[in-house]
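Novice: Each chain, written out:
2 protein chains.
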Amino acid sequence: MTSPKVRKLRDSIQQAKSISLIPVPLKDEILPGDSLSEKLATALRHQKIRLRSGDVLVVKHKVVSKTEGHLVRLSDVKPSRDARVWAGKCGLDARIVQLALDESRSVLRKKVVAGRGVLITETRHGFICANSGVDVSNVDGGEHAVLLPKDPDRSAAKFRAALRKKFGVSVAVIISDSFGRPWREGLTDVAIGVAGMKPLIDYRGKRDPHGYELHATAEAIADEVACAAGLVCGKLERTPFCIVRGVSYQAGTGNARELIRKRENDLFR
Amino acid sequence: MTSPKVRKLRDSIQQAKSISLIPVPLKDEILPGDSLSEKLATALRHQKIRLRSGDVLVVKHKVVSKTEGHLVRLSDVKPSRDARVWAGKCGLDARIVQLALDESRSVLRKKVVAGRGVLITETRHGFICANSGVDVSNVDGGEHAVLLPKDPDRSAAKFRAALRKKFGVSVAVIISDSFGRPWREGLTDVAIGVAGMKPLIDYRGKRDPHGYELHATAEAIADEVACAAGLVCGKLERTPFCIVRGVSYQAGTGNARELIRKRENDLFR
Numbered sequence: 019m020t021s022p023k024v025r026k027l028r029d030s031i032q033q034a035k036s037i038s039l040i041p042v043p044l045k046d047e048i049l050p051g052d053s054l055s056e057k058l059a060t061a062l063r064h065q066k067i068r069l070r071s072g073d074v075l076v077v078k079h080k081v082v083s084k085t086e087g088h089l090v091r092l093s094d095v096k097p098s099r100d101a102r103v104w105a106g107k108c109g110l111d112a113r114i115v116q117l118a119l120d121e122s123r124s125v126l127r128k129k130v131v132a133g134r135g136v137l138i139t140e141t142r143h144g145f146i147c148a149n150s151g152v153d154v155s156n157v158d159g160g161e162h163a164v165l166l167p168k169d170p171d172r173s174a175a176k177f178r179a180a181l182r183k184k185f186g187v188s189v190a191v192i193i194s195d196s197f198g199r200p201w202r203e204g205l206t207d208v209a210i211g212v213a214g215m216k217p218l219i220d221y222r223g224k225r226d227p228h229g230y231e232l233h234a235t236a237e238a239i240a241d242e243v244a245c246a247a248g249l250v251c252g253k254l255e256r257t258p259f260c261i262v263r264g265v266s267y268q269a270g271t272g273n274a275r276e277l278i279r280k281r282e283n284d285l286f287r
Numbered sequence: 019m020t021s022p023k024v025r026k027l028r029d030s031i032q033q034a035k036s037i038s039l040i041p042v043p044l045k046d047e048i049l050p051g052d053s054l055s056e057k058l059a060t061a062l063r064h065q066k067i068r069l070r071s072g073d074v075l076v077v078k079h080k081v082v083s084k085t086e087g088h089l090v091r092l093s094d095v096k097p098s099r100d101a102r103v104w105a106g107k108c109g110l111d112a113r114i115v116q117l118a119l120d121e122s123r124s125v126l127r128k129k130v131v132a133g134r135g136v137l138i139t140e141t142r143h144g145f146i147c148a149n150s151g152v153d154v155s156n157v158d159g160g161e162h163a164v165l166l167p168k169d170p171d172r173s174a175a176k177f178r179a180a181l182r183k184k185f186g187v188s189v190a191v192i193i194s195d196s197f198g199r200p201w202r203e204g205l206t207d208v209a210i211g212v213a214g215m216k217p218l219i220d221y222r223g224k225r226d227p228h229g230y231e232l233h234a235t236a237e238a239i240a241d242e243v244a245c246a247a248g249l250v251c252g253k254l255e256r257t258p259f260c261i262v263r264g265v266s267y268q269a270g271t272g273n274a275r276e277l278i279r280k281r282e283n284d285l286f287r
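If you read the protein sequences in the order shown, they are chains A and B.
Residues in the first sequence are numbered consecutively from 19, following this note's numbering.
Residues in the second sequence are numbered consecutively from 19, following this note's numbering.
Only chain A is shown next, with the shape it has when bound in the complex:
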């Protein structure tokens, strides 16, 4: 005789399913005005992969900002005196510092650490990261700064709708960026735009196999998926897309703003 509890456990064991992280590299560069879904379609054809309903498609923010033209030609940036002084002190590009300040709502830290200038800001969206997420890239033969998308949740929702139209599938979309963390070395990818899924799994009230209530507030599943995709979205190769297949996420309306802790609940500002 097997108790229902044991049967349930056995079933869950037999159901143990793998998750696949499938990189989708590009042959060529994404440029302002390109269609992201067209570029993805070409890359998928080349890789002989199909997008399936239930997949999560992770896309690095840089290609999103590029297609949206959210770029600034560096030679057009006039850094302020403050930006020039600070940049000079740390050997940074004053134009990047200026853009980081322009893109920020507030500056959390501005300090030289181990000989490097570190500028931690709260972006207009509310993300806390280095240099407001401003990156440098070569576009059309000129040095450009790539800014974070203006509204990454909206970009994710638009891309998701385009994928549904183009491929007839219902997927979740995550736009990711590499952020540093306090207390720990190294960058990991986080979700800065989300569409089609709940970004948090709330365990409050749920119980573990012993009947203990799980106190953890929630699991940041969208960040976990973004971070996992970071293992294949290489920094040196041209792989801005990753299909994450087999994740048990909760489909529905959700956005990356839910992942931002409210200032009044944050102990480290």
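Check each hint, because a few of them may be wrong.
Identical chains share a label here; the pair holds if one copy fits it or two copies do between them.
[Stated by the list, open to error] Derived DSSO-like pairs: lysine-lysine, alpha-carbon spacing no greater than 27 Å straight-line:
hint: 1; residue 1: Lys45; residue 2: Lys35
hint: 2; residue 1: Lys107; residue 2: Lys280
hint: 3; residue 1: Lys35; residue 2: Lys66
hint: 4; residue 1: Lys216; residue 2: Lys183
hint: 5; residue 1: Lys280; residue 2: Lys129
hint: 6; residue 1: Lys183; residue 2: Lys45
hint: 7; residue 1: Lys128; residue 2: Lys280
hint: 8; residue 1: Lys280; residue 2: Lys216
hint: 9; residue 1: Lys66; residue 2: Lys176
hint: 10; residue 1: Lys66; residue 2: Lys183
hint: 11; residue 1: Lys184; residue 2: Lys216
hint: 12; residue 1: Lys168; residue 2: Lys128
Quick caveat, the hints were computed from the structure, so don't treat them as lab data.
A quick note: this is a predicted structure, and the numbers were derived from the prediction, not measured.
Since the structure of chain A is already known, use the hints to place chain B on it.
Specialist: Frame of chain A; chain B shown alone:
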């Protein structure tokens, strides 16, 4: 005619390899004194999976601490007056608060946030997390606190050696725990013990496809792998192991202490 650069890029595209996150659930509970490699062997047989050289095996710290007997019977804990007062104020278990303080090197924050008592400590190992990572579990019919392993890097190395002996494979081992983060909601898993791999990939001096030097200090690959495994190591199911297959990590000596930012370089203490 194809330029060497384009050829190289095409090659890298054809080589694009997926990563698999393979959950290894257990049929029964891990108890103090159990052999972790025996338990894993049974679970692998049941799942008809083989461990392969080059895999990363992620294991949740809780089962490591259990096999090592790093548990405390809650009824044996005598909380101090301070612990009782603070716990009473926030509706927490004073014994857990006492253990969290005992396991800490310093207290970073001790505050009531949104009606919940939050105690952020630096553990004896140097990790910064809530309640020094102290968990509650039912062992032998009595409530126990599960502490973090005494030396998670050593535990990882020992487990790795046992796997080599038992299965004849060379894998990397990561011991993980779920940590909260400043600024962002929800928990994600990080590496607290590492063996057989470099936990950081250093991109300093390397260049992107445009020849730009990548300024990011490093990628925390061990944390990325731990975080990815968190997608299958469910909080509600008994899945303490995850095989991560296909990751391009740098094999060799490495430990989780490298992931801890030095206090003097940390802007948020």
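Novice: Now look at each hint and say whether the structure bears it out.
Specialist: Hints, one by one, checked against the model:
1. Taking the shortest alpha-carbon separations for Lys45 and Lys35, only the inter-copy value of 16 Å comes in at or below 27 Å, while the best intra-copy value is 32 Å.
2. For the homomeric pair Lys107 and Lys280, the shortest alpha-carbon distance between copies (23 Å) is at most 27 Å, but the shortest distance inside one copy (33 Å) is not.
3. In the homo-oligomer, the alpha carbons of Lys35 and Lys66 lie at most 27 Å apart both inside one protomer (23 Å) and across protomers (13 Å), since each shortest distance falls under that limit.
4. In this assembly of identical chains, the alpha carbons of Lys216 and Lys183 lie at most 27 Å apart only when taken from the same copy (22 Å versus 43 Å across copies).
5. With identical chains, the CA atoms of Lys280 and Lys129 are at most 27 Å apart both within one copy (25 Å) and between copies (15 Å).
6. In the homo-oligomer, the alpha carbons of Lys183 and Lys45 lie at most 27 Å apart inside one protomer (23 Å), although the nearest pairing across protomers, at 44 Å, exceeds that limit.
7. Taking identical chains as interchangeable, the C-alpha atoms of Lys128 and Lys280 lie at most 27 Å apart whether they share a chain (22 Å) or sit on different chains (18 Å).
8. Taking the shortest Cα distances, Lys280 and Lys216 sit within 27 Å of each other inside one copy (18 Å), while across copies they are farther apart (35 Å).
9. Taking identical chains as interchangeable, the C-alpha atoms of Lys66 and Lys176 lie at most 27 Å apart only when both belong to the same chain, with a minimum of 24 Å there against 42 Å between chains.
10. In this homomeric assembly, Lys66 and Lys183 come within 27 Å of each other (Cα to Cα) only inside a single copy, at 20 Å, whereas the closest approach across copies is 40 Å.
11. In this homomeric assembly, Lys184 and Lys216 come within 27 Å of each other (Cα to Cα) only inside a single copy, at 23 Å, whereas the closest approach across copies is 41 Å.
12. Within a single copy, Lys168 and Lys128 get their C-alpha atoms as close as 24 Å, which meets the 27 Å cut-off; across copies the closest is 36 Å, which misses it.
Violation of the numbered hints given earlier is absent; every hint is satisfied by the structure.
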